[in-house]
Amino acid sequence: MSIFSTKKSWINLTIWALVIALIIAAPSVLPVFRLNLLGRYLSLAIVALGVDLIWGFTGMLSLGQGIFFALGGYCAAMFLQLNSAGEFPNGIPEFFGLYGVEKLPFFWEPFKSSIFTLISIWLLPAIIAGFLGYLVFRNRIKGVYFSILTQAALLVFFNFFNGQQKLINGTNGLKTDVTQLFGQMVGSEIMQRWFFWISAVLVILAWFFARWIVRDRFGNILIGIRDDEARVRFTGYNPVVFKTIIFSIAGGFAGISGALYTVQSGIVSPQFMTVPFSIEMVVWVAVGGRGTLLGAILGAVFINYAKSLVSEALPASWMFIQGGLFILVVTALPEGVLGWIRKDGLRKLLFLIGINKKLETYPSLEVDEQGEVKS
Amino acid sequence: MTAPLLELKKISVSFEGFLALRDLDLVLNQGDLRAVIGPNGAGKTTFLDVITGKILPTKGDVIFKEKSLIGQKEFRIARKGVGRKFQSPRIFENLSVQENLALAVSRPKTPFSLLMNSLMVKNLDEIQRLMSIVNLQSKANIRAGALSHGQKQWLEIAMLVGQDPDLLLVDEPVAGLTDEETDLTADLLKSLAGDHTVLVIDHDMEFIRRLDCPVSVLHQGHVLKEGSMSEIQKDPLVIEVYLGKSEEEEE
Chain A
1 MSIFSTKKSW INLTIWALVI ALIIAAPSVL PVFRLNLLGR YLSLAIVALG VDLIWGFTGM
61 LSLGQGIFFA LGGYCAAMFL QLNSAGEFPN GIPEFFGLYG VEKLPFFWEP FKSSIFTLIS
121 IWLLPAIIAG FLGYLVFRNR IKGVYFSILT QAALLVFFNF FNGQQKLING TNGLKTDVTQ
181 LFGQMVGSEI MQRWFFWISA VLVILAWFFA RWIVRDRFGN ILIGIRDDEA RVRFTGYNPV
241 VFKTIIFSIA GGFAGISGAL YTVQSGIVSP QFMTVPFSIE MVVWVAVGGR GTLLGAILGA
301 VFINYAKSLV SEALPASWMF IQGGLFILVV TALPEGVLGW IRKDGLRKLL FLIGINKKLE
361 TYPSLEVDEQ GEVKS
Chain B
1 MTAPLLELKK ISVSFEGFLA LRDLDLVLNQ GDLRAVIGPN GAGKTTFLDV ITGKILPTKG
61 DVIFKEKSLI GQKEFRIARK GVGRKFQSPR IFENLSVQEN LALAVSRPKT PFSLLMNSLM
121 VKNLDEIQRL MSIVNLQSKA NIRAGALSHG QKQWLEIAML VGQDPDLLLV DEPVAGLTDE
181 ETDLTADLLK SLAGDHTVLV IDHDMEFIRR LDCPVSVLHQ GHVLKEGSMS EIQKDPLVIE
241 VYLGKSEEEE E
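Protein chains in written order, with the working numbering: chain A, 1 to 375; chain B, 1 to 251.
Please note that the accuracy of each hint is not assured.
[As the list claims (entries may be wrong)] Restricting the straight-line Cα-Cα distance to at most 25 Å, the calculated cross-link-like pairs of lysine-lysine (DSS-like) are:
hint : chain 1 : residue 1 : chain 2 : residue 2
1    : B       : Lys-10    : A       : Lys-142
2    : A       : Lys-166   : A       : Lys-112
3    : B       : Lys-10    : B       : Lys-225
4    : A       : Lys-142   : B       : Lys-225
5    : B       : Lys-122   : B       : Lys-9
6    : B       : Lys-9     : B       : Lys-73
These are computed hints drawn from the structure, not numbers from a lab.
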């Protein structure tokens, strides 16, 4: 037993060393363009982790995570715009001039502070998610109705942001790549390198945080809510509180993810709140493995990387491939790729094509001292 | 004389005009073991729904430990000391036996406590004790969904006891069990009475007889007769609505 566990910890250590080495080395190995893409996809992995927490573990399929993702992005972009607005007329971001706005709208004011911005990037989406979630969960809206409601909320936010030229530049969104941070252009190579590293580190931290949440009884209650909410209630737990907390955490994750994605793609716009994008987030988790945190990360990164590679080679075919992938996973691997591997899927497949022998084990039998099977 | 633990006062429940319960009165004292029988549709499950807060009665009152339960949320009623076992076993199938029980014995049942505190030694001992009562020690780390039907029933009863309720409401605990399992369940429930107050609903006459306790016969939403099993069996009214019919069916 002890040999096994030390062996296992050695494997773990090796994997971690490899991951850290890759993160440090990536900027010197990958071309700037690819590095930037990888950084973006790592940031998307954070929103995927949130989707996994609320859907994979708690069973609430939210199709509105784009709301919180975009909010995080807007928080970051507002700060960056203000940070480099000094030379523009009235000392406010340039786009305001287009609409004849001379005074900064009040809600922009606090975003002059970097500390406020760093906090609001995750706290603001978390609070809004918590508030919306509480109202929905308190009224025991779940299942399909919850999904429809989140999608409707997404559309409301999308339309609202689209229409507010004078407040947040409406459909054009807020550009960040030509803004300044620490005396550097945000879109510059050196800044992008840092954003890549920050994204990588934050994915790992978010993963640890999510793991800590689901590790023990709190996570078991989430699974309990997914499988039988009434039982949770009659066991003396209030599901509303648990659902609100986890939805709020997923909202915070989405916010961080959106902010990192914004600074690496150079713009935030209401396009972050389109319906397909929020559904894609669900697809990453479904393909990677719902209920497996690592699956959410790998799903987000690999599907997006595949998307960019396929789109370069065969433009316009990606949607078909993504749709096909989703159907394949839902029908053949309902627990996602990682869930399938963890359930011995690989060995079963090898057996099916005749390479491997089936193992003759029955893991749940317990034998007593005489070697007889206990009943 | 101390006040009863649970008192149902003239409970009526109407589903769009259909009276599922009508002026139902029932009194349970501390430590009682009580069986409730009745034909299908007599309102047996509905009246558990009323006690546990799942259904709001149209009129009447439920007094538990001298306080009304009407209008309280289900989880609050559970925390006050009312435990319920459902008709078909409802356990958390994707958690192990031990994890299921850990959720039942955890206290306080707040998110913060679940996240920050680890289970106390006292709780771990309690889990071991519960598993030994229902004979599931060897299955501690097995996914509850993989248990047999009878073991699931027992796990749910063990979870119920783990909540340490004053009142256990047990809905058809022996449905689908073998005779041997049924006998064990009867003994288990009898041993729980005294420390706890236990109310059992079932169809199985052999099982009820084995419980050897006062029986209430429910018919069309109200209590038709209360008494010992032998009294009940002699009552012509009861025979007409329930026992007689079931004997005919057996033939």
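Structure-based check of all given hints:
1. The suggested pairing of B:Lys-10 with A:Lys-142 is violated, with an alpha-carbon distance near 34 Å, which exceeds 25 Å.
2. With a C-alpha separation of about 18 Å, the suggested pair A:Lys-166 and A:Lys-112 falls inside the 25 Å cut-off, and the hint holds.
3. Annotation: proposed proximity of B:Lys-10 to B:Lys-225 holds, straight-line Cα distance about 15 Å (limit 25 Å).
4. With a C-alpha separation of about 42 Å, the suggested pairing of A:Lys-142 with B:Lys-225 is violated against the 25 Å cut-off.
5. For a cut-off of 25 Å, the pair hint linking B:Lys-122 to B:Lys-9 is broken: about 38 Å separates their Cα positions.
6. Straight-line distance between C-alpha atoms of B:Lys-9 and B:Lys-73 comes to about 19 Å, which keeps the hinted pair within the 25 Å bound.
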